[in-house]
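Which chain is which? The protein sequence lines are A and B, in order.
Just so we're on the same page, our numbering is the position in the first sequence counted from 1, plus 60.
Just so we're on the same page, our numbering is the position in the second sequence counted from 1, plus 958.
By construction, these hints were calculated from the structure, which means they are not laboratory data.
Be aware that a few hints might be false.
Unchecked claim - Covered stretches of chain B (in silico footprint by chain A; criterion: 3 or more residues with CB under 8 Å from a CB of chain A, positions within the stretch not fixed):
| hint | stretch |
| --- | --- |
| 1 | 1090-1103 |
| 2 | 1375-1386 |
Claimed, not checked - Computed list of lysine-lysine pairs in DSSO-like fashion (alpha-carbon distance at most 27 Å, straight line):
| hint | chain 1 | residue 1 | chain 2 | residue 2 |
| --- | --- | --- | --- | --- |
| 3 | B | Lys1285 | A | Lys168 |
| 4 | A | Lys89 | A | Lys396 |
| 5 | A | Lys191 | A | Lys89 |
| 6 | A | Lys168 | B | Lys1500 |
| 7 | A | Lys191 | B | Lys1119 |
| 8 | B | Lys1570 | A | Lys191 |
| 9 | B | Lys1054 | A | Lys191 |
Claimed, not checked - Covered stretches of chain A, as calculated for chain B (at least 3 residues, CB under 8 Å):
| hint | stretch |
| --- | --- |
| 10 | 122-129 |
| 11 | 188-195 |
| 12 | 301-314 |
| 13 | 340-351 |
Virtual Cβ for every residue (Gly too), placed ideally from N, Cα, C.
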Amino acid sequence: MDIPDDLNQPGPSDRREQGESRGRFHWRKRWREWINRRLPVSREITLNQKSIFIFPTRAGFGFLGFIVLLLLVAINFENSPVYALTFLLSSLFVVSILHTFSNLSGLKLTAAHAEPAFAGRDAIFHLVIAKNGARLYQGLQIFWPGNSPVWCGLTDKHEEWIALRYRTGPRGYCRPGRLKVQTSFPLGLLRAWTWLDLDMHTVVFPYPAKVGFVPPTSTQPHESGNTEQSGSDDFYGLRDYVAGDTVKSIAWKHYAKTDKLNTKQFIDPVDHRLWLVWDDTQGDIEHRLSQLCYWALEAERGHSEYGLQLPGMSIAPSRDQAHLDKVLRALAVYNKQPLKDSQQSNTVSFSDADAGRAKGANAKTPSSNKVAAS
Amino acid sequence: MSTVNQIPRSSIIWMLLAQSGVMLPHMPRLSWWMVAIWLLCAAWRLAMFRGQASYPGTFIRIVLVMLGCVGIAVEFGRLGSLDIAVALLILAFSLKLIEVKERRDIFLVLYLAYFIVASSFLFSQSIMLALYQLGCVVLITAALVAMQQSHDKQSALLSWKIAFKMLLQAVPIMLVFFIVFPRFGPLWSVPSSKSSGSTGMSDSMSPGDIADLSRSSELAFRAMFEETVPSKSQLYWRATTLSFFDGRQWNTKAEALRDDDTLGWHSQKLMHKPVLSQQAKPIRYEITMEPTRQHWVYALPLASADTATSYIAKQLIVTNDLSLRAKTPYYNRSIVKLESRLDYIAEPELGAYRRYQETHLPAGFNPRARQVAENWYRDAGSPQAYMQRVLRYFTEQPFYYTLQPPALGKHSVDEFLFESKKGFCEHYASTFTFLMRAVGIPTRVVIGYQGGEENPFNRSIIVRQFDAHAWTEVWLKGRGWVRVDPTAAVAPERIEQGLEAALSDSDEFLSDNLLSPFKYRNLQWLSWARLRLDAVNYAWYKWVVNFDTDRQMQVLKRLLGDITPARLVIAVMLVMCSVLGLVALSLLRHRVSVEVTPETRLYWQFCKRLEKVGVYPANGEAPGDFARRVTTQYPHLAPQVNAISNQYQAIVYAGNSHPHAVKQLKRAVSKFRPKKNGKHKQRLPASVSST
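Isolated chain A, as found in the complex (with noise of 0.2 Å):
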């Protein structure tokens, strides 16, 4: 997660293309079933002939064209020397074919966990490749259509993690779909691919939106007390030293013991507990979350615990990194369908994903777009 430094910079966008044609998506449509059917939502998987493709690539096809070319210089001047060039260089794009293949074939592919992104920041999703034997995987490509390929290979190790990037659309639960696994390896002349789902999903918070204001402190008063707020230089806790503490707040006892720079904690008696609300913010939904967004941030930045209210829920004040994290889900799921369970009806999350991108396509304007898209 990479909580953006620059505010200015524009927000999510969708890159799906806007008009697409009712046919295309009728084939879109058929395709993925077939590919669902071939190769179902698994959260581990081993590649073998049935979920591996192979086709021979452009340069392929102009190897193929060269051969030609050689086959008529050695028919022309009944050269044999050019003949056996001419039929090694072939065999060699039929052996490629299997070395090619092997270069999946037995690779074991893993989901690990996700990170979560801000809108139209890259999530980062996590995954291991794996082998069983001492074959080499070498040139591998991983990449969901539209982002930049991680390139990797299983040589001298056994497994290798894997952190791919995924350019997040707008707030949410984020499911990328289908990955790429692909690979042209030794030769370039074929490459054999596969689409995988491994059922990785994240969730997407919201673009936190620059507004004029810092959050507005302590402006509700609190329903219930604190247990934890119990008065005046309270201690409340030992946190880890930060370069910054005040030397008087390290735990000196607890170093003596420990051998550990600790930083004692204590909690102000002046109640300093933000809140921030849903009805402090203005403008649609999303502009409202991102508001909220930007305000946890800097709630996090500030000293002060923070909790948060929206309609129908709330989170109580705290402060610190798994508190942000709760809150920025909250936000990011608020008023969104909780993804079904992808084992059993993965069509239906796919569409969803599909209506969730066509919404957010419509709202923003064509040229915010293109930049994301570039």
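Start from chain A and add chain B according to the hints.
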């Protein structure tokens, strides 16, 4: 996606290497400025690689292209269009270097490199070149592999290994294709190279011509007999006959007589059918012709194309003088199958015009020789006796066989016969013919080769330029044309043992060629190596270079027994499937060749169990670091995790590989069943804390 099309830096080096490799065999054919253009482009590319230069502008590129094209037009214009085509190919290949911007440009350059390899075979098909170019093919293929590997930071050695392995696997399939692919003639006529010069017989003979030829040890041709090899004194390989003398030079056709067709040259041509002997079984043999750029086929007398091979028979003509002529000159090395009958009568009847042709001498030359000839003939009485008289003169007088005879003036026969008495075979042949014709006996000069060296490794006869020879044929009534070799009278060892023996008194044999292995024939091992190499070369030409329809049928018959389409298809499928099956098996088999120690396997098991609570060892994370991360995230697991981790580290790093220690680890791991503590159920990924 720009990263996909970007050129990996290592590929530039590979590309330059591959290019240098394939350019090398073409170097002798290229002129200095083409090499200069190539070096300039390569240097520019290197400078770009180092970031010291940028892509050249359009102007520079256009200038380079124009310069190159003009240069080629000037330089190669006089040569055949094949040379121009190859020169253009190489120019484009050089200039493309400074234009390479994307991956597909590299593909193009490497494909062109394959093409340049092929083009070098149009000029030479020697086994050495083929082996060298095979290395180049591995190099180009390795460059292709390296381009796909560039993201893995692999060593160059691995690219080589993969390329080599793939080519090795491709070879059996190539062989199948090579053997079964039908060989048909050219689809359209193509230019052949005119650049390669060759030494050999010409269609005329003046004094000194054959002596010049004899200074070279170049291969003239090769013969392979099906059964026994005739004795050396019978190995007179005829090229053509020379019947027309202008006082100095012997020619196949006389300029002066060419218009005399009114006398019926053409009609007489058909009249002299040779009468064959009773020799039922001809000698069968193959001649491997070198590119002589001539029509003649070197053959033992009374040769005809082997009747078994109709393909070759169509291309050969038996001429009036019973020599063999191919319809097209030999620009490439090729094999002809022949049969000869050594016992024959040729042209039993000689018509008036033919007699005139074969006895014609220009007036005003060599008066002394004519005078002496008439005296001798008068004394001898018969043509046979006269012939013996002349040959006796050569034996009795101090005639000397030498490669370096003195220069002769206008009356060359007179000077040779009565003054210098030093000459090479052409002097003796020419003089003998003159003396015969002077008294009206039809005689002609025959040029060709005599003898040859037998290679014990494959029983082939190797004939070299220094075996070039000239002798005569005399027409005798009732016997037709009879071979008479006046040189045998002077230097019989020339015929029995070859030129080297004939010149053994002097240093004349290959005197310009000190390093020639033929000079040191008495060195056993050198001779052995030379003949071995020659046998390999011959096999290469016979089975690979000259693999034509006949050879193909021969091989297929041997392999399949009977050639039917069904058998052919089954055989091809069988070989292809078994080869590809084996390759697939070796590729796809799951081999666990990395020896995993038991403690590592236990540690993997430990990590696998930890996956259940959602922690994974990060890439390259040491066991200690991983344990620390796990314990901070799940403090309740700390005792177990630390114990296992410490035990493992003790075994692996401290060298405590006592079986007891491993057993202990095994116990600890098997007991380890991590569970998520409800309190710590958070979905924050581990790596967030590190960012």
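Hints, one by one, checked against the model:
1. 1090-1103: holds (count 5)
2. 1375-1386: violated (count 0)
3. B/Lys1285 / A/Lys168: violated, 66 Å
4. A/Lys89 / A/Lys396: holds, 24 Å
5. A/Lys191 / A/Lys89: violated, 33 Å
6. A/Lys168 / B/Lys1500: violated, 52 Å
7. A/Lys191 / B/Lys1119: Measuring from Cα to Cα gives roughly 21 Å; hence the hint holds.
8. B/Lys1570 / A/Lys191: holds, 20 Å
9. B/Lys1054 / A/Lys191: violated, 41 Å
10. 122-129: holds (count 4)
11. 188-195: holds (count 5)
12. 301-314: violated (count 0)
13. 340-351: violated (count 0)
When the structure is compared with the earlier hints, violations turn up for hints 2, 3, 5, 6, 9, 12 and 13 and for no others.
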